[in-house]
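Protein chains: 2
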Amino acid sequence: MDEKEALKWLADRMPVGDDCYVMDWGERNLLLTTDMLHQATDFPSGTTSYTIGWRSVAVSLSDIAAMGGEPKALVIAYGNSRFDLDPLEKFIEGAEAVCDKYETKIVGGDLDSHEELTVVTSALGEVKTPATRKGAQPGELVAVTGDLGRTAAALELFERNQHDRANELFQFDPRVEPGKKLVSLVSSMMDISDGLARSLHQLAEINDVGFRVTADKMPYTPLLDEITGSGEEKEKLGLFTGEDYELLFTAPKKHEFDLAKFGATVIGKVTEEGVEVVRGREVTPLEDEGYVH
Amino acid sequence: MDEKEALKWLADRMPVGDDCYVMDWGERNLLLTTDMLHQATDFPSGTTSYTIGWRSVAVSLSDIAAMGGEPKALVIAYGNSRFDLDPLEKFIEGAEAVCDKYETKIVGGDLDSHEELTVVTSALGEVKTPATRKGAQPGELVAVTGDLGRTAAALELFERNQHDRANELFQFDPRVEPGKKLVSLVSSMMDISDGLARSLHQLAEINDVGFRVTADKMPYTPLLDEITGSGEEKEKLGLFTGEDYELLFTAPKKHEFDLAKFGATVIGKVTEEGVEVVRGREVTPLEDEGYVH
Chain E
0 MDEKEALKWL
10 ADRMPVGDDC
20 YVMDWGERNL
30 LLTTDMLHQA
40 TDFPSGTTSY
50 TIGWRSVAVS
60 LSDIAAMGGE
70 PKALVIAYGN
80 SRFDLDPLEK
90 FIEGAEAVCD
100 KYETKIVGGD
110 LDSHEELTVV
120 TSALGEVKTP
130 ATRKGAQPGE
140 LVAVTGDLGR
150 TAAALELFER
160 NQHDRANELF
170 QFDPRVEPGK
180 KLVSLVSSMM
190 DISDGLARSL
200 HQLAEINDVG
210 FRVTADKMPY
220 TPLLDEITGS
230 GEEKEKLGLF
240 TGEDYELLFT
250 APKKHEFDLA
260 KFGATVIGKV
270 TEEGVEVVRG
280 REVTPLEDEG
290 YVH
Chain F
0 MDEKEALKWL
10 ADRMPVGDDC
20 YVMDWGERNL
30 LLTTDMLHQA
40 TDFPSGTTSY
50 TIGWRSVAVS
60 LSDIAAMGGE
70 PKALVIAYGN
80 SRFDLDPLEK
90 FIEGAEAVCD
100 KYETKIVGGD
110 LDSHEELTVV
120 TSALGEVKTP
130 ATRKGAQPGE
140 LVAVTGDLGR
150 TAAALELFER
160 NQHDRANELF
170 QFDPRVEPGK
180 KLVSLVSSMM
190 DISDGLARSL
200 HQLAEINDVG
210 FRVTADKMPY
220 TPLLDEITGS
230 GEEKEKLGLF
240 TGEDYELLFT
250 APKKHEFDLA
260 KFGATVIGKV
270 TEEGVEVVRG
280 REVTPLEDEG
290 YVH
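Chains as they are written, first to last, in numbering that gives the first Met the number 0: chain E, 0 to 292; chain F, 0 to 292.
Next up, chain E with everything else stripped away, as it sits in the complex (with noise of 0.2 angstroms):
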């Protein structure tokens, strides 16, 4: 099995296809995450250690965001051949640099010799009523938070290396405060970690929907225009490169005006069946690929 092929024997077991665990207690659910980066796959090289302690972090805190929810507490599990005195501060000030801006904290956490630098994030959250990801109805609306291919951008300057720029893009803002907004006007939400056309086939395999996206609505940031050559190759780095973590959601029509204010770009609509990209008059299937990481 491939990791795709085993989250979906897990997720028969056991309650693991949203992006928190939602616990009843009381007034109030609290939320519970957890994600493990590491070197090879997560951190290119010329990655500062301020970097991926703020990225390891910052996933989670998307988790949470995701549902709607309220960060409270962190805990983190490095794993390291070293415990050098400055990286080992680096990678806490960036991870706490993160948490200071959303309000919430690292509370503890567990150091282990490990060959490879391996960080796995565990966050608890708060949510009077979380979004989850099931809830989509054709006629809605599909929109996302922010702008993507910002990791695309960033891996391309890396190869280039322009590590100062990249690891100033690899910082990415979880979208909690427009999260907080969303929930109460979205009928599903998830954040995307392996592309916006894999979360699409996703959101539409979950919800027995289908979408219909509009290739030039989509919000690309304007670094991927000096990345890359060509309209196709930009789209590409845009559709299917995963690690934005912005938030992907439907929503009735009603609240259109609502979302471009909370930041939130509409890229097209709810269908019964398909996931489906329009240029121009053009109406072809979007592949299910993406980043498995």
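For the record, the hints were derived by calculation from the structure and aren't laboratory data. Just so you know, these numbers come straight off a predicted model, no measurement behind them. Every residue gets a Cβ at the ideal spot worked out from N, C-alpha and C, and that includes glycine. Don't take each hint at face value.
[Stated by the list, open to error] The calculated label-pair distances, taken between Cβ atoms and stated as ranges, are:
no.	chain 1	residue 1	chain 2	residue 2	range
1	E	Gly228	F	Ser80	30 to 38 angstroms
2	E	Gly262	F	Asp163	54 to 62 angstroms
3	E	Glu2	F	Lys89	44 to 52 angstroms
4	E	Phe256	F	Glu92	46 to 54 angstroms
[As the list claims (entries may be wrong)] List time: in silico DSSO-like cross-link candidates among lysine-lysine, alpha-carbon distance up to 30 angstroms:
no.	chain 1	residue 1	chain 2	residue 2
5	F	Lys104	E	Lys71
6	F	Lys7	E	Lys104
7	F	Lys252	F	Lys180
8	E	Lys100	F	Lys7
9	E	Lys127	F	Lys127
10	F	Lys268	F	Lys253
11	E	Lys71	E	Lys127
12	E	Lys179	E	Lys260
13	E	Lys104	F	Lys3
14	F	Lys268	F	Lys216
Fit chain F to the given chain E structure using the hints.
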């Protein structure tokens, strides 16, 4: 820095001194903890996937037990080079078995491609008033739950290729039930993850006290007799080998009878300073040695 020094440095920056972090949450407190285990250090050759699943969960339940808490939910991050169905299924079975036994459940997780098998378990617990590591007073009793040297015996059995018995020993019972009963009696409590000797030194330092323990009161598992030739070697294995995950605690003398009732063994008393061991009429310092893992 080694792990021990790095942990000390971290403790000055964030609240990582106890087995879990305690969050005030209305009428009760929430507990949050995380643990990283991996092939090279934690799972000797011959450890089954079932045992790996069991043990990964049990170490986090032990942290909850050490605060007197009740486990409510766990998330697991599982990194491996392959996701073959059989080992993954056995891993989950082991993890679920220990959850069932202690009335908790796995509610989510993450899978990640990883060269070395790496498991991080994070647990959420609940407690009315937690036991912490701080509170021991000179004149009190010091005691442990269960028996000592079980992991040392298991490691030796793995060496001898007696894998079935070794795996059975490795599937330890986190002391959740004793922890819940002891919580109202103890003045300080922790779980023994790095061996009794090191844990006594840790508790002494946190509380600015000492301990005098009696060698022939130690509840060594009878298995140590089987695998060792001498009393000296037995004591060494029982005192300095880590990962027994028994609870070590201090309590006022008046609770002596209750402690025995809950299956704990008084091994000595809290003193003003120094960690010492009494053998007959001889009193010698107990070295601050043990597993660093």
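Structure-based check of all given hints:
no. : hint                                     : in the structure
1   : Gly228/E to Ser80/F: 30 to 38 angstroms  : holds (37 angstroms)
2   : Gly262/E to Asp163/F: 54 to 62 angstroms : holds (59 angstroms)
3   : Glu2/E to Lys89/F: 44 to 52 angstroms    : violated (18 angstroms)
4   : Phe256/E to Glu92/F: 46 to 54 angstroms  : holds (51 angstroms)
5   : Lys104/F to Lys71/E                      : holds (21 angstroms)
6   : Lys7/F to Lys104/E                       : holds (19 angstroms)
7   : Lys252/F to Lys180/F                     : holds (17 angstroms)
8   : Lys100/E to Lys7/F                       : holds (26 angstroms)
9   : Lys127/E to Lys127/F                     : holds (23 angstroms)
10  : Lys268/F to Lys253/F                     : holds (13 angstroms)
11  : Lys71/E to Lys127/E                      : holds (14 angstroms)
12  : Lys179/E to Lys260/E                     : holds (14 angstroms)
13  : Lys104/E to Lys3/F                       : holds (23 angstroms)
14  : Lys268/F to Lys216/F                     : holds (12 angstroms)
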